[in-house]
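Spelled out from the first residue to the last, the chains are:
Number of protein chains: 2
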Amino acid sequence: MNNARRPRVGHIAFLNCLPIYWGLARSGALLDVDLHRAPPDELSRRLVDGDLDIGPISLVEYLRHADRLLLVPDIAVAADGPVLSVNLVSKTPLAELPASPKVSLTSTSRTGVLLARMLLEQRHGLTPEFATTPPDLASALDGADAAVLIGDEALRVHHDPGGNHVVDLADAWKDWTGLPMVFAVWAVRREYAEAHPGLVKDVHLAFCESVRRCRAEIDEVVASAARWEPFAPAALAEYFDRLQFTLSDRHLDGLREFASRAAGYTDVAPMQEGGPEFFPAGEGTA
Amino acid sequence: MNNARRPRVGHIAFLNCLPIYWGLARSGALLDVDLHRAPPDELSRRLVDGDLDIGPISLVEYLRHADRLLLVPDIAVAADGPVLSVNLVSKTPLAELPASPKVSLTSTSRTGVLLARMLLEQRHGLTPEFATTPPDLASALDGADAAVLIGDEALRVHHDPGGNHVVDLADAWKDWTGLPMVFAVWAVRREYAEAHPGLVKDVHLAFCESVRRCRAEIDEVVASAARWEPFAPAALAEYFDRLQFTLSDRHLDGLREFASRAAGYTDVAPMQEGGPEFFPAGEGTA
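If you read the sequences in order, they're chains C and R. Position 264, counted from 1, in the first sequence is what the working numbering calls 264; the numbers after and before it change by one each time, with no gaps. Position 185, counted from 1, in the second sequence is what the working numbering calls 185; the numbers after and before it change by one each time, with no gaps.
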């Protein structure tokens with residue numbers, strides 16, 4: 001009797017993850033996974049709680065729970081310079097903000113929010129007061145000095161700032177550190193990786209192949225996204241070009257740098273010596 | 001500004017629907033739908049309530065809500081003779097059952113259950129008493145004369161009846177009526193079909209192409225299913241061969257016959273004259 005169970009894999013149905021899933025829906029790889037679609041914060045929680053086996057996880061959540069997770073090599077959501085969709089938007093230039101600016105948060109993305117906080121506090125010496133608002137620019141800037149926008153609304157404001165000042169937070173991170181910014185990684189539960197290394201390897205290869213295929217078929221990816229997203233093909237092409245889906249040594253340097261600077265914040269544990277710890281997907285480790 | 005929204009399409013993650021979704025995960029068609037996976041009864045409810053646009057629906061639920069739905073042409077889950085996975089299982093031959101047999105129901109599949117009831121009452125003149133039990137054979141036959149099994153457990157008992165008598169209900173339907181049995185159809189909300197005929201046509205074509213591709217790649221479908229399902233490749237190949245995924249004129253005759261015989265049961269409305277009513281997917285009706 002065959003008791004095999006498809007690995008439970010998380011899926012974020014956001015525009016920035018489309019390229020990572022593109023090839024899965026073209027190669028048939030989706031037939032060998034039990035795909036669970038949910039917002040990023042819910043996927044992070046499910047992975048940590050053991051209700052998912054493999055999935056995307058915000059960098060901050062990964063750092064908080066690294067003891068229970070292994071990084072899946074090679075794939076990430078990152079940018080080496082502007083990312084276009086993670087922005088600090090303000091009515092005045094950043095240099096003219098008050099010492100304790102009121103900053104609206106419009107997203108549950110913990111990594112983007114912590115990045116904004118680190119830049120404002122550590123780099124600019126400000127002591128922002130944060131408050132949560134609806135995700136549209138008008139609501140976010142109503143009674144606030146600045147707003148952290150993430151996702152579609154951030155991308156919209158990048159193209160149409162309407163007189164506001166827009167700081168691309170991945171670009172600001174690169175100015176500050178010289179390194180790429182890693183927003184999300186893919187992780188597997190240690191327990192699952194130990195019990196089912198072959199299945200994890202299959203999923204890892206399927207994602208790598210999916211990203212490769214997305215790059216090879218980028219015109220089709222753009223045309224498909226343009227059918228459903230509120231952006232013109234040229235804007236989508238630029239966005240997919242800025243986004244990086246790989247986790248190179250340079251990206252790992254950026255990840256470690258972020259972990260190091262984030263460790264001062266109460267709920268982010270310092271990374272273990274020699275970290276992060278990877279699922280051993282390479283040849284010879286099978 | 002592009003306000004298009006992907007059609008919300010239902011997906012049953014049961015073995016009998018794998019062939020219908022096979023090609024969607026190989027052609028990239030999944031990228032153009034917003035796929036919602038749920039158990040069949042929940043998908044039926046969501047479609048009728050307007051929380052889904054297009055999806056599979058049990059024949060009985062379709063007949064109950066035909067005023068709000070249009071049939072999607074060409075696709076169905078059906079059998080013209082044995083289906084292997086919808087069985088009446090009893091300790092004694094059917095002819096030796098008491099006049100009021102105790103019959104266990106193990107599934108929420110309303111069509112399979114109504115089929116069993118019609119056969120026992122209308123064809124065999126029995127007055128069964130039904131009770132719901134867990135889906136395994138031992139629980140289902142504990143204190144009962146017979147059990148209606150549907151799905152994996154039914155298929156398992158077909159291969160290993162363990163001394164019990166197994167009546168294949170699709171085969172019994174064909175003996176009784178000479179016609180194929182249609183278990184599920186695909187339907188679209190009338191409102192959605194009127195507002196977005198082009199999108200419905202795309203989804204219809206994607207499903208037709210998916211079934212065609214499944215037939216062309218049936219060895220791969222069987223190998224993929226055998227990785228994850230508790231059945232040997234030969235049993236899966238036989239099952240996918242028995243299952244039919246088309247809705248031909250003969251299947252429609254079977255559907256109408258079922259509707260006619262089911263209309264005596266309180267919650268199933270008679271089919272309208274000239275029904276069922278289809279989404280006009282053909283050429284020239286665009």
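Each hint should be verified, as a subset may be incorrect.
[As the list claims (entries may be wrong)] From chain R, some residues computed to sit far from chain C (all C-beta separations above 12 Å):
{"id": "1", "residue": "N3"}
{"id": "2", "residue": "D32"}
{"id": "3", "residue": "R37"}
{"id": "4", "residue": "T92"}
{"id": "5", "residue": "P101"}
{"id": "6", "residue": "M118"}
{"id": "7", "residue": "H124"}
{"id": "8", "residue": "D142"}
{"id": "9", "residue": "G143"}
{"id": "10", "residue": "D145"}
{"id": "11", "residue": "G162"}
{"id": "12", "residue": "E217"}
{"id": "13", "residue": "A225"}
{"id": "14", "residue": "A226"}
{"id": "15", "residue": "E229"}
[What the hints assert, rightly or not] Ranges between beta-carbon positions, derived for each pair:
{"id": "16", "chain 1": "C", "residue 1": "S100", "chain 2": "R", "residue 2": "P39", "range": "38 to 46 Å"}
{"id": "17", "chain 1": "R", "residue 1": "G81", "chain 2": "C", "residue 2": "A4", "range": "53 to 61 Å"}
{"id": "18", "chain 1": "C", "residue 1": "A234", "chain 2": "R", "residue 2": "S260", "range": "30 to 38 Å"}
Don't read these hints as lab results, they were simulated from the structure. Here a beta-carbon is modelled for each residue, glycine too, at the ideal position from N, C-alpha and C.
If you check each hint against the structure, which ones fail?
1, 2, 3, 12, 13, 14, 15, 16, 17 and 18
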